[in-house]
Each structure stands twice: as structure tokens, then as C-alpha cells.
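Engineer: With chain A fixed as given, assemble chain B onto it according to the hints.
Now for the letters of each chain:
There are 2 protein chains.
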Amino acid sequence: MHSPSELLKRIEKAISEIQYPVYPASLYEPISYIMSLGGKRIRPTMLLMAVDLFEGDLAAGIPAALAIETFHNFTLVHDDIMDNAPLRRGRETVHEKWGTNTAILSGDVMMVEANKHLTNVHVSVLKPALDTFNLTAQGVCEGQQLDMEFENRDDVTIAEYIDMIRLKTAVLLGGAMKLGAIVANASEEQADLVYQFGENLGIAFQLQDDILDVYGDPVKFGKQVGGDIISDKKTFLRLKLHELADRNDILLLHDNSQYSDNAEKVKVITGLYNRYGIRSAASEVMKHYLDLAFQALEKITTPAERKEELIIIANSLMNREN
Amino acid sequence: MHSPSELLKRIEKAISEIQYPVYPASLYEPISYIMSLGGKRIRPTMLLMAVDLFEGDLAAGIPAALAIETFHNFTLVHDDIMDNAPLRRGRETVHEKWGTNTAILSGDVMMVEANKHLTNVHVSVLKPALDTFNLTAQGVCEGQQLDMEFENRDDVTIAEYIDMIRLKTAVLLGGAMKLGAIVANASEEQADLVYQFGENLGIAFQLQDDILDVYGDPVKFGKQVGGDIISDKKTFLRLKLHELADRNDILLLHDNSQYSDNAEKVKVITGLYNRYGIRSAASEVMKHYLDLAFQALEKITTPAERKEELIIIANSLMNREN
Numbered sequence: 001m002h003s004p005s006e007l008l009k010r011i012e013k014a015i016s017e018i019q020y021p022v023y024p025a026s027l028y029e030p031i032s033y034i035m036s037l038g039g040k041r042i043r044p045t046m047l048l049m050a051v052d053l054f055e056g057d058l059a060a061g062i063p064a065a066l067a068i069e070t071f072h073n074f075t076l077v078h079d080d081i082m083d084n085a086p087l088r089r090g091r092e093t094v095h096e097k098w099g100t101n102t103a104i105l106s107g108d109v110m111m112v113e114a115n116k117h118l119t120n121v122h123v124s125v126l127k128p129a130l131d132t133f134n135l136t137a138q139g140v141c142e143g144q145q146l147d148m149e150f151e152n153r154d155d156v157t158i159a160e161y162i163d164m165i166r167l168k169t170a171v172l173l174g175g176a177m178k179l180g181a182i183v184a185n186a187s188e189e190q191a192d193l194v195y196q197f198g199e200n201l202g203i204a205f206q207l208q209d210d211i212l213d214v215y216g217d218p219v220k221f222g223k224q225v226g227g228d229i230i231s232d233k234k235t236f237l238r239l240k241l242h243e244l245a246d247r248n249d250i251l252l253l254h255d256n257s258q259y260s261d262n263a264e265k266v267k268v269i270t271g272l273y274n275r276y277g278i279r280s281a282a283s284e285v286m287k288h289y290l291d292l293a294f295q296a297l298e299k300i301t302t303p304a305e306r307k308e309e310l311i312i313i314a315n316s317l318m319n320r321e322n
Numbered sequence: 323m324h325s326p327s328e329l330l331k332r333i334e335k336a337i338s339e340i341q342y343p344v345y346p347a348s349l350y351e352p353i354s355y356i357m358s359l360g361g362k363r364i365r366p367t368m369l370l371m372a373v374d375l376f377e378g379d380l381a382a383g384i385p386a387a388l389a390i391e392t393f394h395n396f397t398l399v400h401d402d403i404m405d406n407a408p409l410r411r412g413r414e415t416v417h418e419k420w421g422t423n424t425a426i427l428s429g430d431v432m433m434v435e436a437n438k439h440l441t442n443v444h445v446s447v448l449k450p451a452l453d454t455f456n457l458t459a460q461g462v463c464e465g466q467q468l469d470m471e472f473e474n475r476d477d478v479t480i481a482e483y484i485d486m487i488r489l490k491t492a493v494l495l496g497g498a499m500k501l502g503a504i505v506a507n508a509s510e511e512q513a514d515l516v517y518q519f520g521e522n523l524g525i526a527f528q529l530q531d532d533i534l535d536v537y538g539d540p541v542k543f544g545k546q547v548g549g550d551i552i553s554d555k556k557t558f559l560r561l562k563l564h565e566l567a568d569r570n571d572i573l574l575l576h577d578n579s580q581y582s583d584n585a586e587k588v589k590v591i592t593g594l595y596n597r598y599g600i601r602s603a604a605s606e607v608m609k610h611y612l613d614l615a616f617q618a619l620e621k622i623t624t625p626a627e628r629k630e631e632l633i634i635i636a637n638s639l640m641n642r643e644n
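Each protein sequence line maps, in turn, to chains A and B. Reminder that position 62 of the first sequence reads as 62 in my numbering, one-by-one numbering, no gaps. Reminder that position 274 of the second sequence reads as 596 in my numbering, one-by-one numbering, no gaps.
Hints in this document: simulated from the structure, not taken from any laboratory. Don't take each hint at face value.
Calculated lysine-lysine pairs in the BS3-like style (CA-CA distance at most 27 Å, straight line) [unchecked claim]:
no., chain 1, residue 1, chain 2, residue 2
1, A, LYS267, A, LYS234
2, A, LYS116, B, LYS438
3, B, LYS621, B, LYS609
4, A, LYS40, A, LYS220
5, A, LYS40, A, LYS265
6, B, LYS335, B, LYS419
7, A, LYS116, B, LYS449
8, B, LYS545, B, LYS419
9, A, LYS127, B, LYS335
10, B, LYS545, B, LYS555
11, A, LYS267, A, LYS307
12, A, LYS223, A, LYS265
13, B, LYS449, A, LYS13
14, B, LYS438, A, LYS127
15, B, LYS449, A, LYS127
16, A, LYS40, A, LYS267
Quick list of simulated restraints, FRET-style, between CB atoms [as the list claims (entries may be wrong)]:
no., chain 1, residue 1, chain 2, residue 2, range
17, A, LEU37, B, ARG413, 37 to 45 Å
18, A, ASP83, B, ARG597, 48 to 56 Å
19, A, GLU160, B, THR624, 51 to 59 Å
20, A, ASN262, B, ARG475, 45 to 53 Å
21, B, ARG642, A, ASP154, 48 to 56 Å
22, A, ASP217, B, ARG413, 28 to 36 Å
23, A, ILE18, B, ASN596, 48 to 56 Å
24, B, ASN442, A, PRO303, 34 to 42 Å
25, A, ALA25, B, GLU328, 43 to 51 Å
Even glycine gets a Cβ: it sits at the ideal position worked out from N, Cα and C.
For reference, chain A alone in the conformation it holds in the complex (with noise of 0.2 Å):
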């Protein structure tokens, strides 16, 4: 077994080795300037500790590795030109950098690397590795499509939500983990419950996102407290409170003049929040989904010390604090 920093150590230095073509060099320099951000590179961490999971060569669990995090990097260029961004971990996004139709096309051809990386998995498990990265790059593209419409609407439920955050980030997690599982040649209904732990994991982890927004420690968090509040996200606890509250604490809600500056409304809402118990309905749902992840780990037949590493980063992604 490989703690997650080894494992981490091997991807950063697989990343770093990665060479992109030279020419034309404004499409290859955001990529090589977006993978070098850096982050927390936790999808491919994670899909080698499935590999490990199941007895794997680690060695072989790079090219997918590779893949993931080029497809994430991906999406992370995308998305910043749809929502607007300028920043991504503290630096100048890339269409903020190279302009927005350079962040397109070099997004584009991440795709594809992402893709010239997988193909180098095991030519035995070519096939379903490509069916689990089409069907999880999908569901990205379904989930981040789904979170620009629910800005434009009043009537998102809880479950469009949860299905919302499973696509858009517990997906790709899964999705790794399963390919790391492809890798470590695991069968079919292995592969699947290790899918379900990072399915479920991603769901917990983002409700956890959501409760700390409001509930995170301001000097831990590394962000703005109540940035959700300030920008009216539709998060599981806005609406969970829109489905408790009485129509006078909704009104509160949905009236930005009322509040004299942000930091009245972001204390007005939590003031509300509290009220009606959502940190702790938000906990709960969250708990529900952790449970669902160890469930499926349970399940797998390997033996119990090899789950060890992840049982304990599963624990320390839950009890975060940024």
C-alpha cells in the first residue's frame, strides 16, 4: 500500500514529464500553464489508490491517471469561460490570459491529450477504460449544462440538485476510481462498487462544500464565508431552506435591497439558516451519502487493510475545513 502523498509525488512528476508539441505555441502554452496550477490533484490520487486497492501496477495506472486530470484541467478551462471567472487558484484564468477563443481551442485539444493518455492504458483494457471515460466526460459536460440552467430558475428541487452535484463532480471521481479498478484488471462488479464509493464520496464532499461556505472557520477556509449567501447559489441549504421556510423568511431570501451591505445578508441568511436546522439537514443528507460510499467499500473483496487509505482519506475529506 502507497500513502496518498507517494502516490501524489508519482503524478506530479508524470505530469511535469509530459510533453506537449511546441508549434503553434499560444494553443500549447495554456495547457502546459493550467496543468502547473497545480491543486489538490485528488481524482488522480484517487484513482491509484483504487489500482493499489485491487493489487495493481501502479506504473500502469498513470496513462488513466494522466487522462483524469487532463480532462479535469479541461473542464476547469471551459467552465471559467462560462461563468466569467478571472481567477483559478489565485492566478489569471486562461481566457482571461490568452483570450476566450484560444481558451476554447486550447481546451479543445486537452480533450484530445486527455485521450492520447488513455490510449496508452493496456491495450486489454482499452475498451472498457474508453467507456468509462466517455460516459463519466459526459456526465461533466450534463452536470455543468444543468448548473448554468438552474441559475435561471426558481424551482430547482432537491434532488434535481443532488443529481446535479453527482453529475458535474462526484462523477468524475467515480469515474476514476473505476478506471483505476479497469487498470488493476478487477472485475466488472469490483470495478462498480469502487465507482460507488467515489460516486457517493464526490456527493458527500460537495454537500460538506456547501456546509462550509457558511460554517467554515473564516480563518481556515481560505475563502469568504457566506460567498454562497453573497452570490445566491442555489446550494442544498438555500434550498432546503426555501422547502421549510414560511413564505415571510423566503421574501428575505429573494429581496437583495433589504440588506444594507453583504455582511447583513450573509448574517441575516445564516441567522435564518440556523433557525431552521439546516446545517444539521445538510449534515445528515451528507452522512447519508458518506454511509452509501463505505457501504460499497464494504463490499469489495479485498482484504480490509488494503481499504485502510482509503477509509482514511474518505474520514479527512469529511472533517475539512477548507
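Structural biologist: Chain B only, in chain A's frame:
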């Protein structure tokens, strides 16, 4: 042997039978829309012609043909965003109809759909098919990037221009035909030869496009004759004129204020093309690439009668009037 029109029928049937997911509708409707706008389907048709050339099973070529046609339409969706184009095949472009964000994302998911089609080729040829497809896709992105860059450069050489149209247009025709050869279990050498046929034919085709824009019959051309001149597009003709013309004549190219209207501009610059023999210079280069295409075809070791349809279609493409 099958005629191109028989092959086209099979392709249209296969396209009409594609089932896209229905949710989220706004992500998949643009795909059905752009795929149903038609077009000549020249790439998938020539892919199947390559299958036929090597006596392969046409049905086995359909997944690759759908992959190529879907990829091609994906590039149209994203290129139309970058070019700010309002119309495609006489209808609203995807970004005009559904907005830029949806067009980016629908395009992304089309790339995934293309890859999904490709995974349905026989598993014994999956790896070489993917390698060819990815190399092709990458080339097309590089070509589009160069095309955009050339708009802002005044020192584009003819060699750079030929390389740009090779990447942007010809690589896809070559790649399509190579995929046909791979699906038909042709040897690597034979597959490379049919690639060369397609690529060189593609370059010749694009040069013919440049010529037709100026010298096409206004009745048969279907577009405004002189469109490239009006928009100052750096075509082969313009770059060649730049190479040959004296200083005074070059000034006629760069100062639009001297023309009372577009008709005068087209007339004056066409006059320069005539005076410097640009049409025959372009025809010569076009014929050079057509020769290279036929030389590659000649080296292919299938019986001569299997090449007949390809020779007919190549000549008809070169003698077209629109």
C-alpha cells in the same frame, strides 16, 4: 464497389438512427440540430470509400464514419463561436440559437460522442483507430489556431499557409480515409498511402476553394464571388500576390479607403490577380497536390478497378464550380 451516392445513403441512415440522451435537452438538442443540417458528408463518404478500396466490410466502417462526421460538426460549432458567424448552411449557428455557453458545452459533448462512436470499431483495430483519430483531431485544432493567428499577422508565408490548410482541412480528410483503411485491415503502409491521398487531395481542394472565390461563376458558385477579397482573407491568391506585386500594387491591397464600394475593390484586386498571373500560379500548386494524391493512390496495391471511384470523385472535386 459502391458509388459515393450509395455510401452517402448509408451514412445518412446511420446519422438518422443515432440516439442522443434526452436530458438535459438543451445540451443535446444542438447536436441533433447541427448534425441534421446536412452538408456534403464528404469525409465519412470518403472514409467508406477507403473501406471499399481495401475490400473491407462497410458496416464495420460506420462507427468510424460517424466519429469523423460528429467530430467535424463539433469543429463547426466551436469555429462558428470563434468566427462570430451568424449562419451555417443557411441556418442560425448553434451559439446564435442557444447562446455561447451552451454552444461551447454542446461542442464538448459532441467530441465525447465522436469518441464514443469510435469505440464501436472492432476491438482488434481500436488502438490504431484511436491513434489516428486523436492525431487528426489534434491537427484540426492546430490548424484552427493558426488560422486565427494569421488574421493578425502580416508576414504569413505561402509555406505557412499551405501547412495551415493542411492541418485545418486536409488532415481530417486524410485521417478519415486512413481510418477506413484501418477498419478494413489494410497494412500500415497501405493505410499511410491512402492518408497521403486524402491529405493531398484536401490541400488541392482548399486551393480550389481559394480560386473559386475569385473566379467562380457567380450563378453556380452559391456564395458571393470575391468574398475573400472583401474580407481581406489571407488566401493563397492574396499571399502569392503579396510575394509578386510591386510596392504600389501592394498598397492597393492594404488601403480599403480608396474603394468606393466592395464591387470596386473586388474588381481592382481581381485585376491585380490577372496582371500577375495569380490564377495560374494557384492552379499549378493545386495540380501539384492533386498529382501527389494520385501518386500515393498509384502505390496502393489493390486492383485498378477498385480505385476508379476515388479517381472519379477526386477529379470531380477539382472540376467543381461550387
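Engineer: Are the hints correct? Go through all of them and say.
Structural biologist: Status of each hint after checking the structure:
For the suggested pair LYS267 of chain A and LYS234 of chain A, the alpha carbons sit about 17 Å apart, so the restraint of at most 27 Å is met. This hinted pair checks out: LYS116 of chain A and LYS438 of chain B have alpha carbons roughly 14 Å apart, not beyond 27 Å. With a C-alpha separation of about 18 Å, the suggested pairing of LYS621 of chain B with LYS609 of chain B holds against the 27 Å cut-off. Between LYS40 of chain A and LYS220 of chain A, the direct Cα distance comes to roughly 16 Å. Compliance with the 27 Å bound is thereby established for this hinted pair.
For a cut-off of 27 Å, the pair hint linking LYS40 of chain A to LYS265 of chain A is broken: about 32 Å separates their Cα positions. Only pairs whose Cα atoms come within 27 Å are accepted, and LYS335 of chain B paired with LYS419 of chain B is accepted, the gap being roughly 26 Å. Straight-line distance between C-alpha atoms of LYS116 of chain A and LYS449 of chain B comes to about 10 Å, which keeps the hinted pair within the 27 Å bound. Straight-line distance between C-alpha atoms of LYS545 of chain B and LYS419 of chain B comes to about 23 Å, which keeps the hinted pair within the 27 Å bound.
A threshold of 27 Å between alpha carbons decides the hint, and for LYS127 of chain A with LYS335 of chain B the separation of about 26 Å falls inside it, so the pair holds. Only pairs whose Cα atoms come within 27 Å are accepted, and LYS545 of chain B paired with LYS555 of chain B is accepted, the gap being roughly 15 Å. For the hint pairing LYS267 of chain A with LYS307 of chain A, the CA-to-CA distance comes to about 42 Å; that exceeds 27 Å, so the pair is violated. Distance check on the hinted pair: LYS223 of chain A and LYS265 of chain A sit about 17 Å apart at the alpha-carbon level, within 27 Å; holds.
For the given pair, LYS449 of chain B sits about 26 Å from LYS13 of chain A by alpha-carbon distance, which is consistent with the 27 Å threshold. For the proposed pair LYS438 of chain B and LYS127 of chain A, the alpha carbon gap of about 10 Å is at most 27 Å, so the pair holds. A hinted pair counts as satisfied when its Cα atoms are at most 27 Å apart, and LYS449 of chain B with LYS127 of chain A qualifies at roughly 9 Å. For the suggested pair LYS40 of chain A and LYS267 of chain A, the alpha carbons sit about 31 Å apart, so the restraint of at most 27 Å is broken.
About 40 Å separates the C-beta atoms of LEU37 of chain A and ARG413 of chain B, a value consistent with the hinted range of 37 to 45 Å. Distance hint check: the CB atoms of ASP83 of chain A and ARG597 of chain B are about 53 Å apart, consistent with the given range 48 to 56 Å. Judged by the Cβ atoms, the range 51 to 59 Å given for GLU160 of chain A and THR624 of chain B holds: they are separated by roughly 56 Å. Taken as a hint, the range 45 to 53 Å holds for the pair ASN262 of chain A and ARG475 of chain B, whose Cβ atoms sit roughly 46 Å apart.
The supplied range of 48 to 56 Å is met by ARG642 of chain B and ASP154 of chain A, whose beta-carbon atoms lie about 54 Å from each other. In this structure the hint that ASP217 of chain A and ARG413 of chain B lie 28 to 36 Å apart at CB is violated, the actual value being about 54 Å. Distance hint check for ILE18 of chain A and ASN596 of chain B: the Cβ-Cβ separation is about 51 Å, which falls inside the suggested range of 48 to 56 Å. Restraint check, ASN442 of chain B to PRO303 of chain A: a C-beta distance of roughly 38 Å satisfies the suggested window 34 to 42 Å.
For the pair ALA25 of chain A and GLU328 of chain B, the beta carbons lie near 45 Å from each other, so the given range of 43 to 51 Å is met.
Violated hints, listed in ascending order, are 5, 11, 16 and 22; each of the other numbered hints is respected by the structure.
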